[in-house]
Amino acid sequence: MNGQASILAWFDKLIDRWKGTDDGGYMLMLAAMIMWRIWKCINEVLFNGVDPDPSQMVVVAMKEAEEFILAMREQIPEPRQPRMGSGELAQC
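Heads up: the sequence shown at position 13 corresponds to 13 in our numbering, and the numbers run straight through without jumps.
Certain hints may be false.
Claimed, not checked - Simulated pairs of lysine-lysine, PhoX-like, Cα-Cα distance not exceeding 25 Å:
1) K63 x K19
2) K13 x K40
3) K63 x K40
As the list claims (entries may be wrong) - Computed spacing ranges between beta-carbons, pair by pair:
4) K19 x M62: 14 to 24 Å
5) L70 x K40: 32 to 42 Å
6) G49 x G25: 31 to 41 Å
7) G24 x K63: 16 to 26 Å
8) T21 x G49: 38 to 48 Å
9) R73 x N48: 26 to 36 Å
10) W39 x D12: 12 to 22 Å
11) I38 x E66: 15 to 25 Å
12) E74 x L46: 14 to 24 Å
13) G49 x G20: 37 to 47 Å
14) P52 x A32: 31 to 41 Å
15) M57 x I15: 33 to 43 Å
16) K40 x E74: 23 to 33 Å
It should be emphasised that the hints constitute simulated quantities derived from the structure, not laboratory data. Glycine included, every Cβ here is placed at the ideal spot set by N, Cα and C.
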């Protein structure tokens, strides 16, 4: 099994484990952010000779996840209630 297949299998197991849980969506997003941060750290090592701090990497990934959640909340408009008699209700 190559590295890509093993990562996909691992992520599939995470999805199965967290599916239907209250915080499953958050946990999957956090896992994705950590994988993204690992990718960026590997690039920093390869291209810039940086010696990464694994605990700092997780802290940054968590911060990015929180920022992503806040940004997504700002983009989703608040639901508005239709006014009675305004013609906004769908005709069935």
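We went through each hint and held it up to the structure:
1. K63 x K19: Given that 25 Å is the threshold and the Cα spacing comes to 23 Å, the pair holds.
2. K13 x K40: holds (23 Å)
3. K63 x K40: It holds: about 15 Å lies between the C-alpha atoms, which stays within 25 Å.
4. K19 x M62: 14 to 24 Å: With Cβ atoms ~22 Å apart, the hint holds.
5. L70 x K40: 32 to 42 Å: Violated, at about 20 Å.
6. G49 x G25: 31 to 41 Å: holds (37 Å)
7. G24 x K63: 16 to 26 Å: Taking Cβ atoms as reference, G24 and K63 lie about 21 Å apart, which means the hint holds.
8. T21 x G49: 38 to 48 Å: holds (41 Å)
9. R73 x N48: 26 to 36 Å: Since the Cβ atoms of R73 and N48 sit about 34 Å apart, the hinted range of 26 to 36 Å holds.
10. W39 x D12: 12 to 22 Å: At roughly 19 Å between Cβ atoms, D12 and W39 fall inside 12 to 22 Å, so the hint holds.
11. I38 x E66: 15 to 25 Å: holds (18 Å)
12. E74 x L46: 14 to 24 Å: Distance hint for E74, L46 is violated at roughly 35 Å.
13. G49 x G20: 37 to 47 Å: Holds, since G49 and G20 (Cβ atoms, about 44 Å apart) stay within the stated range.
14. P52 x A32: 31 to 41 Å: Distance hint for P52, A32 is violated at roughly 19 Å.
15. M57 x I15: 33 to 43 Å: Given range 33 to 43 Å: violated, Cβ gap about 22 Å.
16. K40 x E74: 23 to 33 Å: About 24 Å separates the Cβ atoms of K40 and E74, which means 23 to 33 Å holds.
In the structure shown, a violation is registered for the earlier hints numbered 5, 12, 14 and 15, in ascending order.
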